[in-house]
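Residue strings, one per chain:
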Amino acid sequence: MTRIHDTTSRRQFMKVLGAGAGVAAATLLDVRASHAQSTGPVKVGVLVIRAGVAAPVGAAGLRGTEWWAERVNKAGGILGRPVQLVVEEESNPKDTVERYRKLVLQDKVDVVVGGISTGVTLALGPVAEDLGTPWLSWDGTTQKGVEETMPNPKWAFKSVDNEVEAIVAGILTPKYFKGIKTVAGIGNDYSYGHDCWESYQAVLKRYIPDVKFVLELFPKLGVTDFTSHIAAIQQSKADLLMCSFWSGDATIIMKQAAAVGLFKTMKGVFTTAGGVHDSLKKDFTPEGLLLGYNTMYFDDPKASPLLKQFVREYKAKYNEYPPYECDHAFFNAESYKVAVEKAAGPAKKWPEKAQVVRALEGLEIESLSGRRSWREDHVQMCNFYQGITTHKNGYDFVTIDPIEMVSTKQAMKPAGSKLFEWINGWKV
Amino acid sequence: MDQRLEGVAVAHAVNVLLSGLFHASVLFLVAAGLQVVFGVQKIFNLACGSFYALGAYVGVSAVGWYVGAGGPPALFIVPLALAGLAVGAVGVVVERGLLRFVYDRDETFQLLMTFAIVLMMEDAIRLTWGTAPRSTGGLYLAYGQVRLFGATVPVYNLVVIAASLAIALAIGWLLARTAFGRIIRATADNREMAEALGVDMRRVYAKVFTLGTALGTLGGALVIPATAAMSEMGIELIVEAFAVVVIGGLGSMRGAFVGALVVGILRAIAISVYPELEMLLIYLIVIAVLVARPRGLFGGAAA
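Residue numbers (my numbering), protein chains in the order written: chain A, 1 to 428; chain B, 1 to 303.
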């Protein structure tokens, strides 16, 4: 805050000085500034979660962005300008908004990418609109619960709606698990966990009208002992357990459930556990669960050469297999590049920020996971990958076979509609 | 009630009770570390949760190394416990390197210092082991499962419960029957008098803090086969350990034992009967204890 004030007052001082020395001097200063902006490196501000439960997700997003930047720079940059990443931390909404302002006002970045927690991105949306620099969100929306708060943004580009993977799982559940009558649910005790559970129930009820939801558990984010929750789930005698955990807690509940043989009698749907897919070891993760990988499945036999190259290099560098956040991050950065090139036109003149934004609207490009696009109202469109867990692979963790691919065209509420009205209007 | 239904009810009761005891066992070890340090050094050590996380990560590495070297899986608990104990030595470093400078400072300053240690340890763990959750894979089930009154129980959970109980007894013996225990109790009771009688406070503080640290690291190492290590796993536990010591009475070892049992078992019952009450119930009890017995169930006793 102080630093920003400092810069502002210094700039004001310069302006006064400029006025004193004559209008010509001030104009000269301005010209230099804009000249520097379109020839030096393209500055890409990156907001990354560094601490807490979502730190691994943040790390994956940053890795995806770094891989993109290296690749672009090797190929000569964007319109000949090299890419430079300016990384700041995403933490709580208040501090992140300050860092966002710093990126735009002080570092003078051309675009900001990143944002994972919707708690944070809800606050970033209006700030991005205010500061007039494009912001492309990896994984955060501007939804309050399942309701959109910014239906017509100018500068903010948002992730897919949070509840999409629960909706996809709801669509796939009746296809793979016949005769389900009772369902228990467990999710983290915050917006994502509750929204996923509500949406999953709404969808499943459309396919199985007499299904009963017999138990719902919402432990806090960060809990590492679910033995008591599992005792309650066993007691519920549900036919199926739906779980929307996406961090280490998914690994833990899998392990502790296996230890009491929970999935010997119960079916399991893990909408988002693909986020920690390589920690789901075969030792304790059974075959036959429905497992969601969000928008990118690293082991897709139909993967593009781009994805195959990325997976290979990611494994070589980090000794891990990449999760979906890499794809969100790659898509955001790459779509910015393509939009700049498109807006530049044949003259290859560096476009204004507003021109870039217009070029992004409706833009479809090749991302790691395949074709992805921006809907006209600035929401990501993509495919979701889910499937049935299998041990038949060369890894020590589970993968999926068959692989189901469901588009946001089918599983995300259309612009301007209300989620539950939309679901209840489906022809099933 | 017909017999089959009765059997189901018994199995569920066993499940709930054992899951509560399992949770209580881990809570006890962390809370015991908190208590022994507070009892003697009068420092409320928030870093006890970080030591727990550190023990968990070192445990994962030790077991990984052991299995990689071809050690028989059935004996994995030996390197695990040894690693958990050994890394407790980090307590000496923290006490001599940081804490001893704040003994005479304000309590809030001490609290801030231990919180700074929490943040530093979280970063150190992330730098060393990376950000992804780490686990010991399938070793959790190396000892198999048993059927108890119709409930399936992983034997390893029983091992953790037994180990925690054994450690509680060992601490009781240490405090009540050994010369070191008498010195600890004397120091907790009246530091000046103990010092006047020739107790070397520097050594006692270093030893006590290391003991407190080792209880945390051992707790983390013991629990890790049943869960997965995450760098922030300590924070969650500090909050619950805090409830344990308020219920049991700050500084009391017996209080830590009873407090952990109360919190662990009531949490399990709440989750199974009325899950919305999970955390609330614990705090309701904390409030009730604070109103009825402000010093906790066993407060006032030295150790």
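By construction, these hints were calculated from the structure, which means they are not laboratory data. These numbers were taken from a predicted model, which means no experiment stands behind them. Take these hints with a grain of salt, some might be off.
[Said to hold, decoys possible] Covered stretches of chain B, as calculated for chain A (at least 3 residues, CB under 8 Å):
1. 15-27
2. 224-231
[As the list claims (entries may be wrong)] Not the full set, but computed from the structure, chain A residues with beta-carbon under 10 Å of chain B:
3. Arg50
4. Pro56
5. His229
6. Lys392
7. Tyr395
[To be verified] Label-pair ranges, simulated between beta-carbon atoms:
8. B:Leu280 x A:Ile403: 57 to 67 Å
9. A:Leu105 x B:Asp123: 25 to 35 Å
10. A:Lys205 x B:Met279: 22 to 32 Å
11. A:Pro151 x B:Leu148: 23 to 33 Å
12. B:Val10 x A:Pro151: 47 to 57 Å
13. A:Tyr190 x B:Phe115: 46 to 56 Å
14. A:Lys94 x B:Asp123: 39 to 49 Å
15. B:Met279 x A:Glu366: 51 to 61 Å
16. B:Ile287 x A:Glu89: 28 to 38 Å
17. A:Glu341 x B:Leu277: 51 to 61 Å
All C-beta atoms in this analysis are idealised placements derived from N, C-alpha and C, irrespective of residue type, glycine included.
Against the structure, the hints:
Only residues whose C-beta sits within less than 8 Å of a C-beta in chain A count toward coverage, and the stretch 15-27 of chain B has 8 of them, enough to reach three; the restraint holds. With a threshold of 8 Å between beta carbons, the proposed coverage of the stretch 224-231 of chain B by chain A holds, since 6 of its residues qualify and at least three are required. For Arg50 (chain A), the shortest C-beta to C-beta distance to chain B is roughly 8 Å, which falls under 10 Å, so the interface hint holds. Taken as an interface hint, Pro56 (chain A) checks out: its beta carbon lies about 4 Å from the nearest beta carbon of chain B, inside 10 Å.
Hint status for His229 (chain A) relative to chain B: holds, with the closest Cβ pair at about 6 Å, below 10 Å. Hint status for Lys392 (chain A) relative to chain B: violated, with the closest Cβ pair at about 18 Å, above 10 Å. With a least beta-carbon distance of about 12 Å to chain B, the hint placing Tyr395 (chain A) at the interface is violated under the 10 Å criterion. Checked against the hint of 57 to 67 Å, the pair Leu280 (chain B) and Ile403 (chain A) fails, with Cβ atoms roughly 42 Å apart.
Between Leu105 (chain A) and Asp123 (chain B) the beta carbon distance is about 28 Å. The supplied range of 25 to 35 Å therefore holds. Lys205 (chain A) and Met279 (chain B) have their C-beta atoms about 30 Å apart, which keeps the hinted 22 to 32 Å range intact. At roughly 56 Å, the beta carbons of Pro151 (chain A) and Leu148 (chain B) sit outside the given window of 23 to 33 Å. At roughly 55 Å, the beta-carbon separation of Val10 (chain B) and Pro151 (chain A) lies within the given 47 to 57 Å, and the hint holds.
Hint check: Tyr190 (chain A) to Phe115 (chain B), Cβ distance near 24 Å, so the stated range 46 to 56 Å is violated. For the pair Lys94 (chain A) and Asp123 (chain B), the supplied restraint of 39 to 49 Å is violated, since their beta-carbon distance comes to about 22 Å. Remark: the range hint 51 to 61 Å for Met279 (chain B) to Glu366 (chain A) is contradicted by a beta-carbon distance near 46 Å. At roughly 36 Å, the beta-carbon separation of Ile287 (chain B) and Glu89 (chain A) lies within the given 28 to 38 Å, and the hint holds.
Judged by the Cβ atoms, the range 51 to 61 Å given for Glu341 (chain A) and Leu277 (chain B) holds: they are separated by roughly 57 Å.
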